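K.L.:
Chains as they are written, first to last, in the numbering used here: chain A, 1113 to 1273; chain B, 1212 to 1782.
Calculated directly from the structure, the hints in this document are not laboratory data.
These numbers come from a predicted model, not from an experiment.
One thing to keep in mind: the hints can contain errors.
[Claimed, not checked] In silico DSSO-like cross-links for lysine-lysine, where the CA-CA straight-line distance does not exceed 27 Å:
1. A/Lys1187 with B/Lys1543
2. B/Lys1506 with A/Lys1176
3. A/Lys1187 with B/Lys1671
4. A/Lys1170 with A/Lys1187
5. A/Lys1187 with A/Lys1177
6. B/Lys1499 with A/Lys1187
7. B/Lys1543 with B/Lys1404
8. B/Lys1519 with A/Lys1177
9. B/Lys1353 with A/Lys1177
10. A/Lys1246 with A/Lys1211
11. B/Lys1519 with A/Lys1176
12. A/Lys1170 with B/Lys1590
13. B/Lys1251 with B/Lys1397
14. B/Lys1251 with B/Lys1441
15. A/Lys1152 with B/Lys1353
16. A/Lys1170 with B/Lys1499
17. B/Lys1543 with A/Lys1177
18. A/Lys1152 with B/Lys1393
19. B/Lys1356 with A/Lys1176
20. A/Lys1170 with B/Lys1404
21. B/Lys1590 with B/Lys1733
22. B/Lys1614 with B/Lys1575
23. B/Lys1733 with A/Lys1187
24. B/Lys1431 with B/Lys1356
25. B/Lys1611 with A/Lys1176
26. A/Lys1225 with A/Lys1255
Now for the letters of each chain:
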Amino acid sequence: MKERRNVIAMLVEDQPGVLTKIAGMFARRGFNIDTITVGKTITPGISKMVITVFGDDKTVEQVKKQINKLINTIKVIEMPEERSVIRELCLVKIAIPNKKAKEDILRYTKIYKTKIVDITPKSVTAELVGVPAKIDAFIELMKQFGIREISRTGVTAISRG
Amino acid sequence: MNGANMIIKMLIREKTNVTFGFPGGAVIPLFDAFLEHKDKIKNVLVRHEQGAAHAAEGYARASGKAGVCIATSGPGACNLVTGIADAYMDSVPIIAFGGQVPTTLIGNDAFQETDMMGITLPITKHNFQIRNANKIAETIMKAFKIAQSGRPGPVYIDLPKDIQVEEVTEPIPRDVAIPGFKLTIKPNPVQIKLAVEAILNSERPLLLVGQGVVISNAHKELREFVNLTKIPVTTTFMGKGVFDERHPLSLGTVGMHGRKIANYATLNADLLIAIGCRFSDRITGNLKTYAENAKIIHADIDPAEIGKNVEVDIPIVGDAKEVLIALINTIKKKTIKEKEGWINKIKRYKQICDGCVPLHKTKKIHPRVVMSNINKIMKPDDIVVTGVGQHQMFAGHFIKCSKPRTFISSGGAGTMGFGLPAAIGAKVAKPSSNVFLIDGDGSFQMTIQELGTIKEENIKIIPIIMNNSYLGMVRQWLELFLGKRYSNVYLGRTPDFVKVAEAYGLEGIRVERESELEPAIKKAISNDVTTIIDVQVEEEVNILPMLAPGGHLKDAFGGCMPAPGKFFERE
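I would like the entire structure built from these sequences, with the hints used as guidance.
P.N.:
Here it is, written out as structure tokens:
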């Protein structure tokens, strides 16, 4: 079966140890977490967690069922790309090897609709929000100048409509 | 009321009248509170915390109610771990309490501090740390609910010492809500309809019944379903006893050391109706060839079990009892065509299987002879508990059980040393039943200290040690798969178990001849104190038939059954 990136959102009780329980379950069942994000919801005491996991349909089905089994999990929702807004934030610190490069970098960051959040004579830091594939593409493009550091938040998602 | 008294009060409210535990610094207040409630609850003082956990399991398996065990912080709670892991693998409802250092010291590497929340995380259905005495009532209510409903399992509760002495100021809540705990009890009617269609259209249907049917107390419904449909029944090792093994349609246990008839039937079936089982590797062998001719219906209360190991054609999520009731009600309205050819083949082959006798004469007693003697003497309500090893598989294969909760053994985890403490728990739960402990000399020695508990608590069980001076199961693997390169499996001069019994103030009988077996067992039953029967069995006997791990069901070897070629045209 084909492996793909799957986004799964879940509502969990906001209690100490819940993240460990979920992460631990992934580890011992051999599932690979690609990214994980956690944040509060509008309901006090309930957090939303979004994970992306690589795997075929069977694996994803098992992941969902196993998450559901955890007592602290209230709801598990698969977030298919076509019916969800999926976003990730990334900060990229790009080296400026020379003046010509600087112009190129600034041009590319504009095309990618990034925000320049820091600039020094030797580096530019861009903030980019988008689907993971867009971020991947931007990082790939910046490699020619030299990337000092990146920091990605992992994926968060919300359903459409 | 302080926290400790609240804990005891809540246990009593949850209908617990006995716990199994061992004290220590961090649980002194808790054990003190037992003195206040002497008339309603007692603790069986074990000799090692592992014994407490297995005794709680034995109690739970025999009674269907959650078993409770208690240990102090650090090493005490760590000693519970094997039992908790065992309960997790076999879906046994136990509540394990571990003491903990006071909340003010947690995380400081205090004396006897161990992160039990971390340690028990992957081996419990859920765990709690109570950090406020007012949360005790709510937490214990939740713990029992979680442990006992749906697919049962162990719950660990961490009890910091300070909350045990803290005053409880809030009333006990009437009910507790666990938002993340949802169960599907009633099966989906669409799936039931599909299942019934498949059953009606099948030529060679077969039932595979697991412990789920025991847990949901669905043995009567199972019998009704079988009588209605005339479908032959196999059980998993954990499901043993849920269907009378002397019933003409019972084929016994399946799997690695299961009965050949059961495995061949699985292979030849065109429809496998699996209820309350999880298709472990010990049941299926090679997943690619497992039940390859069959459509599979899989009903389980735990959706995560469906499709985990085998591909399922008709999944049904629900409680085994509800599933069986739904199937019965739907099938009753239809006409079932006779499957005479299939049933006759199975019955003829089964007859040969039942008539098998040990192939070769042995100098010492053959383990199978021990089993047939126990079968002769055992009454339907008597309970068989086993350790782990060859003796366990001999029991699983040859002991005939007719009632649920009468066969108690460590299946998923395969925990040596499970037997003696689990037998204690079973006897405490069912004092009027004889509890036979079929154990090996290796397994028995792992928790032998619980003989002290037996003496002190006046618990009478019937331990039958199949003494072959070997760690027999590993020896068998070394013989069969490693050309007899025996490494660290010979126990040599095992202790004189008769003298061990005497040292503990119990009795012992050494059995060296077949003719002494029956009188010895009868004497152990009639004696007032526990009487250990040390049976000197043939040293190098293998438990056969056997299916090599990951093997094809048809390749199960050994045993005295002829090839089934003439009974089953398809293999």
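K.L.:
Which earlier hints turn out false for this structure, listed by number in ascending order?
P.N.:
1, 3, 6, 12, 13, 14, 17, 22, 23, 25
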